[in-house]
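There are 2 protein chains.
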Amino acid sequence: MEKVKARTLSGFMELLPRQQVQFERVKGVLEESYRRYGFTPLDTPIIEASEVLLAKAGGETEKQIYRFQKGDNDLSLRFDLTVPLAKYVALHQNELSFPFRRYQIGKVYRGERAQRGRFREFYQADIDIIGDGSLDIINEAEIPAVIYQTFTALGLKRFQIRVNNRKLLNGFYAMLGWEHKAGDIMRTVDKLPKIGAEKVGLMLCDDLGLDQDAAGDIVSFMAIKGSNAEVLAALEAYRGRNQVFDQGLSELTTVVKYLGDFGVPEENFAVDLTIARGLDYYTGTVYETFMTDHPEIGAICSGGRYDNLAEYYTEKQLPGVGVAIGLTRLFYVLQEQRMLNEALPTAPCDVLVLPMTEDLSPAIAFATACRSGGVRAQLYTEPKKFKAKMNYADKIGVPFVAFLGEDEVANSVVSLKDMVSGGQEKVALSEALGWLKERLAKRNQGPVIQG
Amino acid sequence: MEKVKARTLSGFMELLPRQQVQFERVKGVLEESYRRYGFTPLDTPIIEASEVLLAKAGGETEKQIYRFQKGDNDLSLRFDLTVPLAKYVALHQNELSFPFRRYQIGKVYRGERAQRGRFREFYQADIDIIGDGSLDIINEAEIPAVIYQTFTALGLKRFQIRVNNRKLLNGFYAMLGWEHKAGDIMRTVDKLPKIGAEKVGLMLCDDLGLDQDAAGDIVSFMAIKGSNAEVLAALEAYRGRNQVFDQGLSELTTVVKYLGDFGVPEENFAVDLTIARGLDYYTGTVYETFMTDHPEIGAICSGGRYDNLAEYYTEKQLPGVGVAIGLTRLFYVLQEQRMLNEALPTAPCDVLVLPMTEDLSPAIAFATACRSGGVRAQLYTEPKKFKAKMNYADKIGVPFVAFLGEDEVANSVVSLKDMVSGGQEKVALSEALGWLKERLAKRNQGPVIQG
Chain A
1 MEKVKARTLS GFMELLPRQQ VQFERVKGVL EESYRRYGFT PLDTPIIEAS EVLLAKAGGE
61 TEKQIYRFQK GDNDLSLRFD LTVPLAKYVA LHQNELSFPF RRYQIGKVYR GERAQRGRFR
121 EFYQADIDII GDGSLDIINE AEIPAVIYQT FTALGLKRFQ IRVNNRKLLN GFYAMLGWEH
181 KAGDIMRTVD KLPKIGAEKV GLMLCDDLGL DQDAAGDIVS FMAIKGSNAE VLAALEAYRG
241 RNQVFDQGLS ELTTVVKYLG DFGVPEENFA VDLTIARGLD YYTGTVYETF MTDHPEIGAI
301 CSGGRYDNLA EYYTEKQLPG VGVAIGLTRL FYVLQEQRML NEALPTAPCD VLVLPMTEDL
361 SPAIAFATAC RSGGVRAQLY TEPKKFKAKM NYADKIGVPF VAFLGEDEVA NSVVSLKDMV
421 SGGQEKVALS EALGWLKERL AKRNQGPVIQ G
Chain B
1 MEKVKARTLS GFMELLPRQQ VQFERVKGVL EESYRRYGFT PLDTPIIEAS EVLLAKAGGE
61 TEKQIYRFQK GDNDLSLRFD LTVPLAKYVA LHQNELSFPF RRYQIGKVYR GERAQRGRFR
121 EFYQADIDII GDGSLDIINE AEIPAVIYQT FTALGLKRFQ IRVNNRKLLN GFYAMLGWEH
181 KAGDIMRTVD KLPKIGAEKV GLMLCDDLGL DQDAAGDIVS FMAIKGSNAE VLAALEAYRG
241 RNQVFDQGLS ELTTVVKYLG DFGVPEENFA VDLTIARGLD YYTGTVYETF MTDHPEIGAI
301 CSGGRYDNLA EYYTEKQLPG VGVAIGLTRL FYVLQEQRML NEALPTAPCD VLVLPMTEDL
361 SPAIAFATAC RSGGVRAQLY TEPKKFKAKM NYADKIGVPF VAFLGEDEVA NSVVSLKDMV
421 SGGQEKVALS EALGWLKERL AKRNQGPVIQ G
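Protein sequence lines correspond, in order, to chains A and B. Residue 199 in the working numbering sits at position 199 of the first sequence, and the numbers go up by one each step. Residue 137 in the working numbering sits at position 137 of the second sequence, and the numbers go up by one each step.
Chain A on its own, in the form it takes in the complex (with noise of 0.2 Å):
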């Protein structure tokens, strides 16, 4: 028979047995700790009308999509999870209690040019706190203790959560009388870290066409730099001017109060004026999350404000708060960066239990009794040489091997190995749900992610 070539089109990362199980367990500690916050979970079609989900869409996003005809139909895959949260609570708003959390972990497709680390199917793993014409300020802070107790809980340490307010920024361009350019200047000033605080004031002036008065206060106010608390004092000064900087300096300072009720440390966070997130859609507090050793990954979760999700759907005003962590690229950089904690045991099961009788029933009753007992148990059956099962074992990773010969069922006994340490010993059958128990606790230890 005439072959075709097996191959996983370039872009879609497709992992082996051990990293799956690697990414399970990043995946597995964002639902709990969204899960813990009390977000519900969402799952909503990877297909939708071209119609619906292009209802705001356009430029470079539209150009990625993926998106063709079945039948009558013209249909595109989400490129987002927030589009289709948009069109859930428009068509489900009646049935839905506000404030509505949900949390959503799934692919989504962006046709983007391949490159190494960049993917056209790719996890997003959302949280959303939506309100019913209104929501409390304390929910700004909360979405940014979430992420703190999301990445804690993975075991990061160093990264910082940056935390801006998007009326701050438009109040301040409304005071030196440039808020018509607010979206331009934004962009300019994202330039910052990469070019410097002198060329982007002449940008600022050369390309915008701003003062130079204007351009040195807007470069001053982004240098402004120090403790959040140092931070929001130099703030402080620029008050009384502008009605909308004022309202986003009160949320500023009630969200960085509310982060430290929160038990987010000072070093997790910080104020940072020059973090605005392009989209015209944000309307308050913003974030970014960065890992503080490996600032050149960019964002590895961002997100903010919005008043309005779904105002291409419904006249209902449904103001709310969310974000996003890029879950397959934090993964692909976890791996890049060798953070993840290689001591986890990856093998698919916890003991392999190998019969050395010809009647095969006490090695399927010590299966059963583990797998009843919570304990991961894979019977190896196959006629191969004792040498090519213990392969076996080594190859698969798994912690523990059980040996049942005639010795062992006539005695009641089962042969334990520890296949780290090398050493075996007889246990009772009946204590050897107990001994492995303990000792797979222990081996499950410890964080996800190292450092």
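Honestly, the hints are just simulated from the structure, not real lab data. Be aware that a few hints might be false.
A pair holds if it fits inside one copy or across any two, identical chains being indistinguishable in the list.
Unchecked claim - Capping the alpha-carbon separation at 30 Å, the derived lysine-lysine pairs in DSSO-like fashion look like this:
#1 LYS384 / LYS257
#2 LYS27 / LYS442
#3 LYS384 / LYS316
#4 LYS257 / LYS385
#5 LYS437 / LYS27
Given chain A, put chain B in place with the hints provided.
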């Protein structure tokens, strides 16, 4: 602004939060059960190159495929999880250890005619064990044992796994001299439950051209009923006339023996000679699982043994055995039949924390303590009337509400209200977590499915 009508495509299941939690619970039981048996998680792309995905497909399947062009690429959405597994194993054959045991729970796509209870996007939940060149017969018993444990863990009691063997059937048709029509005969015999023995006998003669003796032999063979021991004993009478039949009978006898060793009760599995599974692909044991009280639903889980998983991609012989549960369809049926245990909580959180003081820090501290202790907590801080807050608690179905007023804060207690009994008591802050966990454990007891 002109609005786009929010809608979800027909044939795509999108659940409300409460149902989604029930769905996640069913999915979670499947996952945990598969893991206990040493299956490793796999996650392959939803999009594949059409040439790879459709290497084998044809006819009805091909028409249902979501296939489209993106740039220069001819792409298709996967329509099952078996073809992606075949591709994966062929592609990574040198990096995998055999037997390779994997589970995958993922969405697949078939552009079927839309009708109630039929889905175009649906989850399949597959397990397979793949050998390298050979695979021990015990695996053909372990797979239905996993299915038994999985349905039992869900709480399903009245189901039956029907087992047969393709060699037995092929050998039997060869005995009669009609092996060249084995496929057609199987498809006709498949109609037995619907049209009865008499009509099947007529069709075998009239449509397929069998002589009356052969047709009679087939109808009598298919009529063999009784306990598994009785059916196997009746089959022994045919032994010695055809080698393939004899091998099939030995395999079936072995599988029945091992199923007992695996602890599967007789009432949950039965040798059923009418089970054939349409696909040529299967070569040994085949399975179909039915809900005893709802035969009209058809098989809720099916699969079998095959000799060549990936023959379209590789020369390597990869025999295996596996089954698939149509998870979305199963969930739909469980909903329709009102079999989901409605006593299990479906709220996004275990406790809704209502601060009754200006200063939110005590409420935040309490919510944080709950979350650290594994209790899912939601802070409710919207400036609403008390009644509106309690309405919200009711609507989301939260098991407990925590009140923190001046009085509680001053006395280091929290008022905890049981939303089911309506009872309320003041509990010391230091004991509140234990109080909640004890009651939540009880509230979360019980199977996912009732009946």
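Here's how the hints hold up against the structure:
no. : hint            : in the structure
1   : LYS384 / LYS257 : between (65 Å within a copy, 23 Å between copies)
2   : LYS27 / LYS442  : both (21 Å within a copy, 28 Å between copies)
3   : LYS384 / LYS316 : between (67 Å within a copy, 19 Å between copies)
4   : LYS257 / LYS385 : between (66 Å within a copy, 25 Å between copies)
5   : LYS437 / LYS27  : both (24 Å within a copy, 25 Å between copies)
Of the hints listed earlier, there is not a single one the structure fails to meet.
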